[in-house]
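Quick mapping for you: the protein sequence lines, in order, are chains A and B.
If you read the first sequence in this note's numbering, its first letter stands for residue 216, the second for the next number, and so on.
If you read the second sequence in this note's numbering, its first letter stands for residue 168, the second for the next number, and so on.
The set of hints was computed from the structure by calculation and includes no laboratory data.
Be careful, since some hints might not be right.
What the hints assert, rightly or not - When the alpha-carbon atoms are kept at most 30 Å apart in a straight line, the in silico DSS-like pairs for lysine-lysine are as follows:
id: 1; chain 1: B; residue 1: K252; chain 2: A; residue 2: K1121
id: 2; chain 1: A; residue 1: K486; chain 2: A; residue 2: K760
id: 3; chain 1: A; residue 1: K1125; chain 2: A; residue 2: K1045
id: 4; chain 1: A; residue 1: K1016; chain 2: B; residue 2: K304
id: 5; chain 1: B; residue 1: K237; chain 2: A; residue 2: K1218
id: 6; chain 1: A; residue 1: K1127; chain 2: B; residue 2: K304
id: 7; chain 1: A; residue 1: K1220; chain 2: A; residue 2: K1121
id: 8; chain 1: A; residue 1: K1225; chain 2: B; residue 2: K233
id: 9; chain 1: A; residue 1: K999; chain 2: B; residue 2: K252
id: 10; chain 1: B; residue 1: K265; chain 2: B; residue 2: K233
id: 11; chain 1: A; residue 1: K822; chain 2: B; residue 2: K252
id: 12; chain 1: B; residue 1: K207; chain 2: B; residue 2: K253
id: 13; chain 1: A; residue 1: K1330; chain 2: A; residue 2: K1016
id: 14; chain 1: A; residue 1: K1125; chain 2: B; residue 2: K303
id: 15; chain 1: A; residue 1: K1118; chain 2: B; residue 2: K303
id: 16; chain 1: A; residue 1: K1118; chain 2: B; residue 2: K233
What the hints assert, rightly or not - Listing some non-contacts, in silico: residues in chain A with all C-beta distances to chain B over 12 Å:
id: 17; residue: K367
id: 18; residue: E837
id: 19; residue: I854
id: 20; residue: K1121
id: 21; residue: I1136
Each residue gets a CB set at the ideal place from its N, CA and C atoms; glycine is no exception.
Letter by letter, the chains look like this.
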Amino acid sequence: MKRKKFDGKLVAQKSRIANAYDIFNEISLLKFKVFDSGFKSKIKFLVKHPKIYKAIFGNPYPKKIEQISGRPKLYNTNNIGSELVWDAFCLDIHRERILQFIDYKNKYSLYCLNGNFTEAEKLLDEIEDVFGVSLWLIRNRITIAKQIGGIKGEKDYTNQLLEKEGLAEIIGFLIQYSSLRNTNEISLDRFRKYFDLFLDKARKINLDKELCDFLIFEVLQEVDESEKAYTRISFWNTGGGLPIIDRYNSFTRLFANYNHTCFADKKVIDKVTDILKPFYFVEYIGSSPQNLTTKVIKYYENLFSDDLGNKTEILEYFSDSNNDWQFFFLVANIIDDEDLVFLKDKLPKFKYELIYNIFNCIQRNDKAQTSRDELLILSSIFVTLEWGDKIKEFVKKISSSSFYHDPNYRKTLSFYEFDTKNEFVINSHSHFLRGFSKIDFIGNINKSIANVSKELIPIDIISNSSKYLIESLINYKKSNINLALENIDLVSFDKHSFLSVFQFKLIIACQLESKEFNKLLNFTIDSFLENENYRQLIPYEYILKTVFENIEDLSKSISFPIFLYLNYQENGSIELLKEGYEDFMCHHGINRPSELIDRLVEFDIKKAYYFLEFVCVPEVIEIDVINFQSSEEISMERISICRKLNEIIDDKQNIYIDEINSLTQKTMINASLHSIEKSKIYVDIEGVKKLATSKYKDDYSKYTYLLETQDYSSKTTEDDLLTLHEDEDEGLSFLTPTNMIDHQFLLNFINIRNIFTSNSVHGLDVALSCDVRHGILSGAIRGKIVEQNLITNKDESEYQKNDFWIERLDYLEYTDLDHITSSLNKFSNKIDTHIEFINEEIMQIKIDSTNPRGKFDFLAVLDERFDEYKMRVNQVKTFEEYLEITIDHLWSLTDSSLFEIRKYLKGDCKNKFYQLIDELINDLEEIQNGNDLEELISSIIELRTILSTELNQISNWFTRSKSSNTPDYKIPFLINLAEVMINNNYPDIYINITKNINCDGLKFKGKTLKNLSAILFIILTNAIKHGKLSSYDININVDSISDNINFSIINNISPEKNYKKLSNTLNEKIIDLSKYVDSSITKKEGGSGFFKIAKILKNDLKSDYKLSASFIDEKTFETTLNINSKEIVL
Amino acid sequence: MKILVVDDYEEKLNEIEKFIILEFSDFQVNKRRSYQSGLKEILTEEYDLILLDMSMPTYDISKGEKGGNKKPFAGKEILRQMQRKKIDSPVIIITQFKTFGEAPNSLSINELNLELKNFANYIDTVIYVYGNVMWKKDLKKLINEL
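Build out the structure end to end from the sequences listed, making use of the hints.
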């Protein structure tokens, strides 16, 4: 026996896929890397491994409905051709069973068509025994249940299934659909309502786009005419999770549809046909086109023989017809046996027989899958015969029956709708042409097409336009492109009729074939600008594939970037668009799009406007790295474009103005945020001076008196200063000298220093407390870690489980998941502890030697600067001068501290975070299969860079404020700013803010922006900190009555909160906030922040206010703030 | 030899610079911190070698500039633009990560490496590990082989 050659690469591949943590991804990659011809051996080899078999096939013969619901993860789909070939090979593995199923199904069809539903039902039982359950089985069970037990029978069955499955699964969807479809009296509107409702539900339960596409395909058996849509659905077939029966059914329908598309590839068709020959096309396509035509014509002759019905009666119906398409519409829409069964009771006998016979006109083994295509072909030919004009009346009757109103047909119909006024014509044409292209496919020989067309086409009843189009199509198929274009030229191009759709596609196909790419692009974009619906008809990928080598030649045409923009809208490929934009600009020597406005005469004006409006947007123009160097420059350029367009184009002014406003506001918010964030360090110097003067002017006089009266020779030496002792009376733990003069000097300094640093209204610590420690610093650092999903919140005593990673890594063993949970919780704890340390030990003012916390060091007096300060003081005579020099010295100490803080943040602090990150990585590396954690580890490593950048940014806070001129603003801007601030601080929480502003004309003084935004930020932070929810709906209402502005902020709150207890606490706090002033409570960290708000209002904004907070009910909380606006508005 | 290092991670950038100056004293090292500033530099100046990080912000982060969108494949995008503009300076990717981007569009380092091999001027990828010397050896070897 010949030994099989060992293929080490294949074995390695199998092992790699079998051990991959994301098997779908690996399989997708395999599909990318292996040429289609290699699929067969790969699949055969790979599926021997149970894990891979399961990934590719799910459970092909599921015994329970719940086993159908598994869904594939969709990664890296290849092109449709490759997917179809892969799909076909997958089906081939189950060849024997599929053949068996086809036999069953044929038998079942016969029972149905003969009205023997009891036998049909028995057969379904048998099919279920052999193949398990499937979507096909359920749909047919519903049909049979209705045939046997009427609506009640159907409802009993579907209710039973729905109860079991609920609406959330695929199966539920199909049950609902089939059930509705089989309901006699359902109106079109009602069906649509149900259908949309169901799709909405499907989307809400996070069914992804692929699944929704698949379901729509299952229901309507149609698919968007884009390669991508086909690929997605095909991938669904191959991705595991569907019974083999459904996979086969879906595949055959999809493949049949594919054959009509512009991207159908003959090689793929041949290959798939070849693979599936035994059970798919052979009986169907096996006959030559000549045979097919003969059969059809023969049948056609038989159809009107006396044996089949009353010819006179038929002719009577067919007389007086001038619309040959409607009958075709009817027959073309018969999808499968179910539909025939459905029609049986609806039509008079002879009409039913007519359709029945057409339906059965060709010997078929697989009726359900191929009937539609056959009917398309047959009907196409049938309709083109001179008999066509005699069927109008017949169809008129049919169309008034309930059949016509069946939503399924309506849905199919709407798929082709372009001009609803003329829907019959549209759909008939569409089906006709699809049918015609099928002839081409079947025939596969141009000669045969010519024969068919010669015999069947030239009929008087077809309009000239249709005739030229059909001739053009035939010429195109025969590669007579020039002739095809000549034919098309004879068609009057009406952009709003159905014919133009086909004409449009055909012109594109011809121009591609003749390599007239510039003409092609101009034609495409001209048509699109005339009628936007054309965008759906453009075969983007096909065009791109064909023109790719000529991209350089095309770049001068303004149509090209517009085409790439439409392609981007359709396929999401922004890179090509950016490059197309850049090439175009470069070709014409234009640096900035706004310059194009002055050169409009060089271009087609309509295209130039479109280019400026849609192509020249920030996401695209950012490719120009030479001319644009920041987000702001990009925004300014866009504003400039909009301004110019606004001046030129009258009918779109509102759109441009809205965009300008939105961009301007975004830029202003960024600038304001920058201004707010650029420094957190400020002291109310005027307040300090005022207070110092009222309290300590006399002490300064005392010092000058001592200085004048004491003996100067006993001046304090450095040694004296070293023997200073603690002055406990001051409670300041400051060093005081033994010498009286120095004692007084130091005492005076301490007093002023303490106002400067620690006064709860004017001092530096207020800034540190409000703008650094009160959640701002922790928000900035934590926010970044939250964005990486690496930190969770503490619930009572324990950190919450990190659901993000646990869900993502759910393929790991439980023990590993526990390890990850524990590591991440430990990390969360360490991070929070470190942040607390920064707040408690670093961001504090050090004035007490017994409690030397903080890097703002105001203890040091024994340095050169203090001597220098003393010398300067001794040279002045007035208290005011003394105060200036003292404050100057305090700023100097502040600057040194700020330097130290910046150094700390960029050095030790950063290193500590790095250390915690390394500890986390080491901890996770204990998990054995480290490869499984790559994504998590990458996220952690990325955090190092992110924190490094963030800490550098934070270190910028610690510079001295210089006054900046914030422009005056209005309330909407203030609220938007607060919204951005809160979203930046809580990136993981969904915050939906609804604004209701009744005083949006009111203008506020620019200098109040920082304070008012801080107040709103504190209130919003409260809502989120205490709400304990993962998403918030917050209403901000603002109105103005006389001199008062009223803010009402209403937020939802977790019902689990003990609101009675909270209410009591709140009531105690808000009795009278005015008591806070000068109270140390302002500096208290955490809590509600209400005292900070009070401080800002009273001292910084010098405004009277009233603040209250209460529960509206258990789930809703309201904070109201009433501010006297005299000092803050213009 | 004139080298450009493009990386948004300050410490890594400095360490690479320090290492190159130490090992190749006659090399001139320039640094950039984002996709935009890196690409601009490449388009306007000639370099004998370019070291690129893979994931970077669009713009240099500074006061008032948050960096724009984060580009998970910034290095690859720069390579693509170099190819378009026919700039063939050799490029080494120096990264800390083993996966890039977010599922379902994420790529492992091996997959990315395969894609990068389509660029003629791409040399190889060096994995930078904080506090580890291996990357230095790898980088030195690659530079010496140029």
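To see whether the hints hold, each was checked on the structure:
1. K252/B to K1121/A: Violated. K252/B to K1121/A sits at ~38 Å, over the 30 Å cutoff.
2. K486/A to K760/A: Holds: K486/A and K760/A sit about 21 Å apart, inside 30 Å.
3. K1125/A to K1045/A: holds, 14 Å
4. K1016/A to K304/B: violated, 40 Å
5. K237/B to K1218/A: Since the Cα atoms of K237/B and K1218/A sit roughly 36 Å apart, the hinted pair is violated (cutoff 30 Å).
6. K1127/A to K304/B: Distance of about 27 Å is within 30 Å: holds.
7. K1220/A to K1121/A: With a Cα-Cα distance of about 36 Å, the restraint between K1220/A and K1121/A is violated, given a limit of 30 Å.
8. K1225/A to K233/B: holds, 20 Å
9. K999/A to K252/B: violated, 36 Å
10. K265/B to K233/B: holds, 26 Å
11. K822/A to K252/B: holds, 27 Å
12. K207/B to K253/B: Roughly 14 Å separates the two Cα atoms, so the pair holds.
13. K1330/A to K1016/A: Judged against 30 Å, a Cα distance of about 25 Å means the pair holds.
14. K1125/A to K303/B: holds, 23 Å
15. K1118/A to K303/B: holds, 28 Å
16. K1118/A to K233/B: holds, 22 Å
17. K367: Holds: least Cβ distance 45 Å, greater than 12 Å.
18. E837: violated, 6 Å
19. I854: The claim holds: I854/A sits with its nearest Cβ about 17 Å from chain B, beyond 12 Å.
20. K1121: violated, 9 Å
21. I1136: violated, 9 Å
Hint compliance for this structure: hints 1, 4, 5, 7, 9, 18, 20, 21 are broken, all remaining hints hold.
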